[in-house]
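A.B. asks: Take a look at the letters that make up each chain.
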Amino acid sequence: MFGRIGELWKYREMLWSMILSELRTRYRGSFLGFLWTFINPLLTLLVYTFIFSKIMKVTMPHYSLFMFIGLLAWNLFATGVQSSSSVIVRQGSLVKKIYFPREILPLSVVGGSVINYLLSLVILVPFLLISGYRPTVDWLFVPLILLLETIFTVGLSLLLSSLTVYLRDIEHMLGIFLMLWFYLTPVVYSITILSPRIAQLFKLNPMSDVVLSFQSVLYYHESPHWKLFVYGFVISTAVLISGWWLFVRLNRRFAEEV
Amino acid sequence: MVNKEIVISVKNVSKNFRVHLERNHTLKERILYAGRAKYRDFVALRDVSLDVLKGESVGLIGVNGSGKSTLLKLMSKILYPDAGSVEVQGRVSSLLELGAGFHPDFSGRENVFMNGALLGLSRKEIRAKLDEIIDFSELGDFIDEPVRSYSSGMYMRLAFSVAVAVDPEIILIDEILAVGDAAFQAKCMNRLRELRARDTTIIIVAHDTSAVERFCDRVIWMHDSRVKMEGKPINCIQAYLATVFRASNEGTNTMSFERSENIATSTETRSIQEDARHADLERAIDESGLRWGTGDVVIEQVEVSSGSGSGLVQCGEPLDITIRFSVKKDVEDVDFGIGFFTVDDVQCYGTNTRLDRYGNISLHQGTGSITFQSSDFCLLPGSYWIDVACSAADTQAYDYWRKAIQVQVYSDQNDVGLCRVPHQWSLSKVLIESYSRD
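Chains as they are written, first to last, in the numbering used here: chain A, 1 to 258; chain B, 259 to 696.
Since the hints were derived computationally from the structure, they do not count as laboratory data.
Just to be clear, a hint being listed does not mean it is correct.
What the hints assert, rightly or not - Computed footprint of chain A on chain B; a stretch qualifies when at least three of its residues, placed anywhere within it, have a C-beta under 8 Å from a C-beta of chain A: (1) 262 to 274; (2) 379 to 391; (3) 602 to 613.
Unchecked claim - Mimicking DSSO-like on lysine-lysine, the simulated pairs with C-alpha atoms at most 27 Å apart in a straight line are: (4) A:Lys96 with B:Lys269; (5) A:Lys96 with B:Lys335; (6) B:Lys382 with A:Lys10; (7) A:Lys10 with B:Lys587; (8) A:Lys203 with A:Lys227.
As the list claims (entries may be wrong) - Here are some chain A residues pointing at chain B (derived, C-beta under 10 Å): (9) Leu23; (10) Lys54; (11) Lys57; (12) Val114; (13) Asn116; (14) Glu222; (15) Asn251; (16) Glu257.
Built from N, CA and C at the ideal position, the CB exists for glycine as well.
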């Protein structure tokens, strides 16, 4: 596995250029182009603010902000996993024609999602400040939580992208599965509305850990719950290792199967 | 060459492809047909071993589906062998298919960066070479157009320009050079020669055997998933062409999943001459599309000899070409002819006994020989094919043999062209002191 890491390092230029082209192709041809990276979360935020404070009249203070924090984190994960599940097949022409460590493909997709997340912070941070939140030392946890989420997303992406080559159904099932997962993760609701036993169960889900940690740091102004955090890292690392192991095993026949 | 290190080592490699009769890609099918997937194995390579030395130029020839491209893909690590091992040392640049890694929506310039990154170059390195790459590609204004609008020739220009700019230690090329126009092809070949001079290892898959012959040090002939023959370009190509054309005439070229098992492995050493001697008359003369005639007189053997040895001559030295023939039926008024062709099939010289006014030749049953003697063989260095023929006065060929044998010409002088015109220089007045004919 260390050999593979070394090889990936040699191909870092390629990874970077794949990420860039991923980001650039997304809005290519549209009039506003790259600006959409910012307009999208901004509009999402406005829509949710409007619906939850004007129509549904949720009593939770700064609810739209609460939800936005979770939603950005969720989007990183969901778009990353969804898009990388089919990336090997989608980039079949590359896989068949040139050599490179195949891990680059799912990594570039997740990398693009992470960068998108960072760019949407440009919307989130001013919004926090406008809503009366001031930066605190707890904000320093954000990169760490982001790392945790990235590890988990990469692990699952490696797993799913290699399986999808042999089992194309995964790509379609994943949409429904992610929707279910979304509602099992406390993004649109606070985990406090659940009974303690159910809440305990929900925290087994690593994405709950990620979203809860983001919420603690940015919304509640407290440090993340360390037990939860350590658990998250252990699970994510396990997913990463098993996902990569499977990927390495399956990647030998990619060029023949895509 | 003997002491050079091995940069590509292929050991006992086998590779099968699953040919899915019906693809069980969906979950339903996987469950329904679990354990009895419908596929057949297609053997692409069977126990292939070969080594390539540093700085060698190797040509891979063979009919379509013989395993050449699979071998190249194994070397570039796109495919993995089912058995055996492939070891490659050094930076590999591969041109396996047109436009691999090109993004159609981006301009040529942007694609140079992306393609360079695919080949392991940093942006800085690419920026340093960008002008050189664009110049070489001759794409001009098109470099800033999206590659979607490129023709296949333009694709190939860009791909080749990037691939040779990365200073590869090993370059693998699969046939794609055929797309470019003649001028660019020549430019590519020159570039490859430069790389070769810098000790780059080059492996080419090509169907243009004359290009392979001109360029490669060694040829590997793949046939039915195995290495059928390897060695000097001339020998391999001659044997290959003879087999392919014969098979084509017999209609046995159709591809099939089942590879014949009974083919004697390794090298086929039967020469065309032996074939002609043993096979029955008509077949022999019809052989490989390079020979035709009635068979009343059959050319058995052609020998090229000079002071330098057989098949080799120094420009300006005497050369003998001996044609041994057997006469099956008494014939009168016979001509013997000879022609010299470059490997590109340009005729350099041709004549026959009638043009040279040797009068009537009549032959009786039996065997004999005739020798073409040149006291001053003046073709310039290169390899030349020799056509020989025995024909009747009305130009009906008894036996016309295209490319019967090859002669290699070498020289210690660097004059250029096709042949050396007998000449001398004379100056009316000695203008330079040191003037002398050295």
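A.B. asks: Hint by hint, note whether the structure agrees.
C.D. replies: Consistency of the hints with the structure:
no., hint, in the structure
1, 262 to 274, "violated (count 0)"
2, 379 to 391, "holds (count 3)"
3, 602 to 613, "violated (count 0)"
4, A:Lys96 with B:Lys269, "23 Å, holds"
5, A:Lys96 with B:Lys335, "10 Å, holds"
6, B:Lys382 with A:Lys10, "15 Å, holds"
7, A:Lys10 with B:Lys587, "73 Å, violated"
8, A:Lys203 with A:Lys227, "11 Å, holds"
9, Leu23, "13 Å, violated"
10, Lys54, "41 Å, violated"
11, Lys57, "44 Å, violated"
12, Val114, "19 Å, violated"
13, Asn116, "19 Å, violated"
14, Glu222, "42 Å, violated"
15, Asn251, "9 Å, holds"
16, Glu257, "9 Å, holds"
Checked against the numbered hints given earlier, this structure breaks hints 1, 3, 7, 9, 10, 11, 12, 13 and 14; the rest are met.
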